[in-house]
Structure formats: structure tokens, C-alpha cells
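Novice: Each chain is listed here by its residues.
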Amino acid sequence: MSLEQSVEALRYLGLFSSLDASSIMSTAVHALHPEDRVAAARLLMREKSISGVPIVDADFRLVGLISVSKIIEALADGRLADPVDSVMTRDVISLHAHDSFETILSCFQRFKFGRFPVVEDDGRLVGMITDTDVLSAIIRSFYSVYIHDQRRAVTLGSFSALSKEFESSADFVYDIRCRGLENAGEGSARLKAFLQNKGFGEPIVRRASVCAYEAEINVCIHAGGHGSLRAIARNGEIILRVEDEGPGIENIDLAMKEGWSTATDAIRELGFGAGMGLPNIRRFSDHLVIISGKDKPTKVEMIFLEGKE
Amino acid sequence: MTVHDVIKSLGADVAVEGDTTRLVTSGYACDLLSEVIAKAAPGSAWATIQTHVNVIAVAAMVGISVVIVCEGRTCESDALEHATKEHLTVLYSRDSAYTVSGKLYVLGLR
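The listed protein sequences correspond, in order, to chains H and C.
At position 258 of the first sequence the residue is numbered 259 (my numbering), and the sequence of numbers has no breaks.
At position 15 of the second sequence the residue is numbered 182 (my numbering), and the sequence of numbers has no breaks.
Just chain H, same shape as in the assembly (with noise of 0.2 Å):
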């Protein structure tokens, strides 16, 4: 897979969609001003091991950035006394504080620099990012996806390979829209009839029917209750897909934890929320996928082989 059909699968799954440049961006930068000279410079990069000092005016625009290859030559010239502004590169490619993510990676794959300035509307300077900046942003995005599976990558890989599936041919769909807990139950109750007249054996639409019972009731008890539940059932297995509109599950370790809950004490009363949804989906699932994160949608992808019991 080359990066740009990464990017691409990336963008599709929604993971790094809501990462602009300010919310990857170092904020803590130093800059130094046109007038500093290049000696300072060198320091500077010395001192906290960086590569590149952007320079700033009495404004805090960006007027320049001077990188270690300016400061060799400058140190060659004998010129290290001499102001930044006579050394340093003037049209620096810079990103804008709300430049989307796929723009960020684009710009490191055309102009092959270690790091960017990040400027607002008005040129201000306001942080830089480094290709390390890029790949913590990566990661953190990562820790909201949680896989039930050995082989990560056979499974993430199939997750996204189903999104576009799903979109077109889905055997079964089931709008959730549920008021309060009154029909929670429905759709999985109608999908076990579907899985059943498929002719599907009795272990596997019990393992499926219980888990998506489990996903629909989160949906109407921690997401409004609006949702979709859909499944492809072929070839001896099925593939179900949960999704809701948020809020989203803040911490999915903890939510993964048997008895640990947010449902309110109401719901707690009607035998809900006892903290068993999600570990009930990992122990009937043969795969699972989920992602989720704090205000985001949530979608839970199962996956059911039959002849696994």
C-alpha cells in the first residue's frame, strides 16, 4: 500500500479527520528575530537539538527560517557574526493553522523538509511541525481504535476494505432510531430472523444476535438512540457494523472493562448498563473492531465465522 492509499484508507475510516495543523503543531518554538546574529542561531539549535529556527518580526510574522545548512555556510563564510537576516531563506514554505491533515503529509512528501512553520491569516507564527509532530499525531489518533484480534493488521486491513462494502451492499440494514429504551432490541431481534432464514446454524446467529443486541442498546442508551446497524452474511461468515453519531467513548480500554459503565442509575435500575455491552461483543466476536473518541462517532465492526464455537 503506498502512503497516498494510506492516506487515502486513513481518511475513509474518518481517524484523522479531525486533525488540522494547530492541533498537531508544537507550540512550543523558538524564534529569533531578522536583527539576532547567525552565532545566536547556532546556539540556539545546539542548545535544544533542533534543525531549523523560524524568524520572526517585532510582530511575530514570519519573515525567514535559517536551517543547520544555512549555519554551515555561514560558519565556512566566516559570517557568524553577522545578522540572521543576511543568511537565512526568505520564501519559506509555511502551513496555515487550519490545514488539514492529507495537506500537512503532502507538503513533507513535495518539499522533502524536516519541519514547517505554521502561521495564522495574518502571518503570525504560531508553531511548527516536525515529522515527528506528524507521527505522535498518528499514534495518539491510534489509541482511539481498539482491536480485539492477534493479527492487527489482517483485521484493520479488512476494516477498511468493508467500509466501501458496507456503503453498497449491505445485506441487511436496520436504522436504529430509538426513543428511550422502548425498542431497543428490534433490529437485532429482525437481523436474527434475517441470519436464521440465510440458513445460517443456530451457534453463529446467537453469537451475531447478541452482540448486535449489545451495540444496538449502547446506541440508545449512550448515543440518543440513532444509529445503524448493518450486516453482510455470506460464505459462512458475518460482518456486522454498529455506527451512532457520538458522543463517542472517551477511554475505550476502560469501557472494554467488565462492569465498567457510564449508564445512568435509571438505566442501571432497568438491568442496563451493568458494563457487560462491550465485553460481552469481544468474548461472542471472533473479530472485533472499534472506533470511537471523545465527541466522535462510534463504530464497532464484528466479525463471526461459522464453525468458530
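Since the hints were derived computationally from the structure, they do not count as laboratory data.
Where a beta carbon is used, it is the ideal one built from N, C-alpha and C, also for glycine.
Mixed in with the good hints, there may be bad ones.
Restraint ranges, calculated between C-beta atoms of paired labels, are given here [to be verified]:
#1 H:Glu-103 - C:Glu-248: 29 to 39 Å
#2 H:Thr-28 - C:Arg-240: 31 to 41 Å
#3 H:Lys-199 - C:Ile-216: 30 to 40 Å
#4 H:Thr-133 - C:Ile-216: 55 to 65 Å
#5 C:Ala-208 - H:Gln-110: 55 to 65 Å
#6 C:Asp-186 - H:Lys-199: 19 to 29 Å
To give an idea of the interface, some chain C residues facing chain H are shown, with a C-beta separation under 7 Å as derived from the structure [what the hints assert, rightly or not]:
#7 Asp-198
#8 Leu-199
#9 Leu-200
#10 Ser-201
#11 Ala-224
#12 Met-228
To give a feel for the contact side, a few chain H residues facing chain C, derived at Cβ under 10 Å [stated by the list, open to error]:
#13 Ile-73
#14 Leu-76
#15 Leu-182
#16 Asn-184
#17 Ser-189
#18 Ile-218
#19 Gly-272
Dock chain C against the given chain H, drawing on the hints supplied.
Specialist: Showing chain C alone in chain H's frame:
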């Protein structure tokens, strides 16, 4: 034994008479729906104090043969309607879930 046998032996009131010829092969007592859906076996008699419509949804999902609502509680009307649709028998017992379970155990359910 069948649902019919359970009704006779428990002396419970019949709130919904569903498919009473269904076999009852085991028993389960719990009020946490996630536990029931994960652990109760199909064909169980289920003793609970929950009375709302989701009890029926869970029972249908698991393949429960008969629901016994304990402690003299009664179901909400939408629950009864749903049970009727599902041909699921719902019984009311004045006993606790413990006592009901004991009675079912003595009947031979394990």
C-alpha cells in the same frame, strides 16, 4: 418438561400464555440483561424482577422458554403485548427469584 409443567408446578399466575408445549431444559436467575443474554441457555426458564419490554426482547434473543417475574411484580403493558407477539409465556410469582429457582431445581431443572 414443558412450559405447561412449569406453570402447574410453580402455581404462578399466567400473565401471557405463549407456546406452553415448548421444552424447558434449564433455568437461569438474574436481573442484569447483559448477563442473561451472555449466559442463559436457550430453552431456559428465567426468573427475574425486571418487568419492562426489554425483558421480552432479551428472552426472545436468547430463546428463553418461559419468563417468571418474581416478588409479586407485574409487567408493563407493552412488555405483555410483545410477549404475546413472540408466543412467550410470562408468569407472575409472589416468591423471590431464589425460591422460584429452588422450586425449579427440585423439579429437576439444572
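Novice: Each hint needs a verdict: does it hold in this structure or not?
Specialist: Going through the hints against the structure:
no.	hint	result
1	H:Glu-103 - C:Glu-248: 29 to 39 Å	violated (52 Å)
2	H:Thr-28 - C:Arg-240: 31 to 41 Å	violated (59 Å)
3	H:Lys-199 - C:Ile-216: 30 to 40 Å	holds (36 Å)
4	H:Thr-133 - C:Ile-216: 55 to 65 Å	holds (57 Å)
5	C:Ala-208 - H:Gln-110: 55 to 65 Å	holds (57 Å)
6	C:Asp-186 - H:Lys-199: 19 to 29 Å	holds (24 Å)
7	Asp-198	holds (5 Å)
8	Leu-199	holds (4 Å)
9	Leu-200	holds (4 Å)
10	Ser-201	holds (3 Å)
11	Ala-224	holds (3 Å)
12	Met-228	holds (5 Å)
13	Ile-73	violated (65 Å)
14	Leu-76	violated (69 Å)
15	Leu-182	holds (6 Å)
16	Asn-184	holds (8 Å)
17	Ser-189	holds (6 Å)
18	Ile-218	holds (8 Å)
19	Gly-272	holds (4 Å)
Consistency note: the structure conflicts with the earlier hints numbered 1, 2, 13, 14.
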